[in-house]
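**Q** Put together the whole structure using the sequences plus the hints.
2 protein chains.
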Amino acid sequence: MKIRALQSSDYEIINPLVDEWWGGRKMSHLLPKLLFNHFNQTSFIVEQDNEIIGFLIGFLSQTFSDKAYIHFVGVHPEYRKCNVGKQLYDCFFEIAIKNNRNTVHCLTSPVNKTSISFHQKMGFDIEEGGVEMEGVSVHTDYDGPDQHRVLFVKKL
Amino acid sequence: MKIRALQSSDYEIINPLVDEWWGGRKMSHLLPKLLFNHFNQTSFIVEQDNEIIGFLIGFLSQTFSDKAYIHFVGVHPEYRKCNVGKQLYDCFFEIAIKNNRNTVHCLTSPVNKTSISFHQKMGFDIEEGGVEMEGVSVHTDYDGPDQHRVLFVKKL
Numbered sequence: 001m002k003i004r005a006l007q008s009s010d011y012e013i014i015n016p017l018v019d020e021w022w023g024g025r026k027m028s029h030l031l032p033k034l035l036f037n038h039f040n041q042t043s044f045i046v047e048q049d050n051e052i053i054g055f056l057i058g059f060l061s062q063t064f065s066d067k068a069y070i071h072f073v074g075v076h077p078e079y080r081k082c083n084v085g086k087q088l089y090d091c092f093f094e095i096a097i098k099n100n101r102n103t104v105h106c107l108t109s110p111v112n113k114t115s116i117s118f119h120q121k122m123g124f125d126i127e128e129g130g131v132e133m134e135g136v137s138v139h140t141d142y143d144g145p146d147q148h149r150v151l152f153v154k155k156l
Numbered sequence: 001m002k003i004r005a006l007q008s009s010d011y012e013i014i015n016p017l018v019d020e021w022w023g024g025r026k027m028s029h030l031l032p033k034l035l036f037n038h039f040n041q042t043s044f045i046v047e048q049d050n051e052i053i054g055f056l057i058g059f060l061s062q063t064f065s066d067k068a069y070i071h072f073v074g075v076h077p078e079y080r081k082c083n084v085g086k087q088l089y090d091c092f093f094e095i096a097i098k099n100n101r102n103t104v105h106c107l108t109s110p111v112n113k114t115s116i117s118f119h120q121k122m123g124f125d126i127e128e129g130g131v132e133m134e135g136v137s138v139h140t141d142y143d144g145p146d147q148h149r150v151l152f153v154k155k156l
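Just so you know, the protein sequences line up as chains A and B, in that order.
So for the first sequence, my numbering puts the first residue at 1; every next one is plus one.
So for the second sequence, my numbering puts the first residue at 1; every next one is plus one.
You may find that some hints are simply not true.
Identical chains share a label here; the pair holds if one copy fits it or two copies do between them.
Said to hold, decoys possible - Only pairs whose alpha carbons sit at most 25 Å apart, straight line, appear in this in silico BS3-like list of lysine-lysine:
1. K2 - K86
2. K33 - K155
3. K33 - K113
4. K121 - K26
5. K98 - K67
6. K33 - K67
7. K113 - K2
8. K26 - K98
9. K98 - K81
10. K86 - K98
11. K26 - K2
12. K154 - K98
13. K98 - K113
14. K67 - K81
15. K33 - K154
In short, the hints are calculated from the structure, not lab data.
**A** What follows is the structure, encoded as structure tokens:
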């Protein structure tokens with residue numbers, strides 16, 4: 001496995017892959033091309049045999065000079081147990097620290113139990129929301145009506 | 001009219017407004033909450049009588065230290081002839097210059113003739129694409145399949 005920085009041209013490969021990796025669920029609207037143009041140093045690609053098997057899109061907060069944000073992580077379904085996600089997050093933590101960031105933020109849907117447990121294993125804490133759902137604190141309507149989110153923060 | 005920096009809490013007001021301002025066309029998915037959290041110094045709100053009548057979401061490119069990017073601009077339909085857009089762009093140009101950026105980039109759909117003409121009036125050039133549509137150079141499939149775009153660049 002090889003990790004490298006994201007390039008603008010990765011968009012054409014990743015865009016059709018994403019909906020496929022999510023079993024047909026429409027996800028590619030979360031990944032506009034602008035993310036592939038303007039956040040390359042904080043976004044990463046994992047390749048195996050010259051094929052993309054994972055990626056992470058993140059950036060440095062421009063509002064808060066001490067925060068970094070992970071927007072989207074995708075891993076090829078056949079490589080879900082191979083630590084691809086962990087490697088991507090570790091790369092991001094490293095570049096965030098190099099840029100003097102002391103916290104990383106990200107979020108997931110309350111239904112995504114695998115993601116919640118992954119983030120907890122990676123050392124993220126859940127940010128207290130207004131409501132508890134199945135034992136997890138949730139920010140209701142965070143990303144619009146009925147778009148509830150679990151918010152994570154990790155100190156670096 | 002008053003212009004101020006965007007705040008995270010503006011999301012709750014703007015999210016439902018956007019689809020309304022576009023006559024029911026679904027636009028709010030282009031404005032996830034993260035944009036309201038992490039790009040506040042380069043994003044602006046125009047208010048009239050304490051009501052939001054326009055906004056601009058932009059950021060500094062993190063890949064290219066000399067570029068800035070305007071992602072989304074919305075103006076209340078009843079204020080479309082009142083220079084709200086121009087004021088927002090001028091504010092953005094100013095903050096981009098302060099941050100040592102020498103070009104601003106943005107894009108629109110080829111069908112959006114009003115937007116194309118607005119950008120040309122604001123001093124943007126059209127970036128050469130592979131195809132010409134109705135006299136305008138277009139980047140086909142730029143934001144995914146059938147998502148053609150006209151790309152703009154302005155030197156500051």
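**Q** Determine for every hint whether it applies to the structure shown.
**A** Structure-based check of all given hints:
no.	hint	in the structure
1	K2 - K86	within (13 Å within a copy, 46 Å between copies)
2	K33 - K155	between (29 Å within a copy, 22 Å between copies)
3	K33 - K113	between (28 Å within a copy, 22 Å between copies)
4	K121 - K26	neither (27 Å within a copy, 37 Å between copies)
5	K98 - K67	both (12 Å within a copy, 22 Å between copies)
6	K33 - K67	both (23 Å within a copy, 16 Å between copies)
7	K113 - K2	neither (28 Å within a copy, 44 Å between copies)
8	K26 - K98	neither (34 Å within a copy, 39 Å between copies)
9	K98 - K81	neither (28 Å within a copy, 46 Å between copies)
10	K86 - K98	within (18 Å within a copy, 38 Å between copies)
11	K26 - K2	neither (28 Å within a copy, 39 Å between copies)
12	K154 - K98	within (16 Å within a copy, 32 Å between copies)
13	K98 - K113	neither (31 Å within a copy, 44 Å between copies)
14	K67 - K81	neither (29 Å within a copy, 39 Å between copies)
15	K33 - K154	between (27 Å within a copy, 19 Å between copies)
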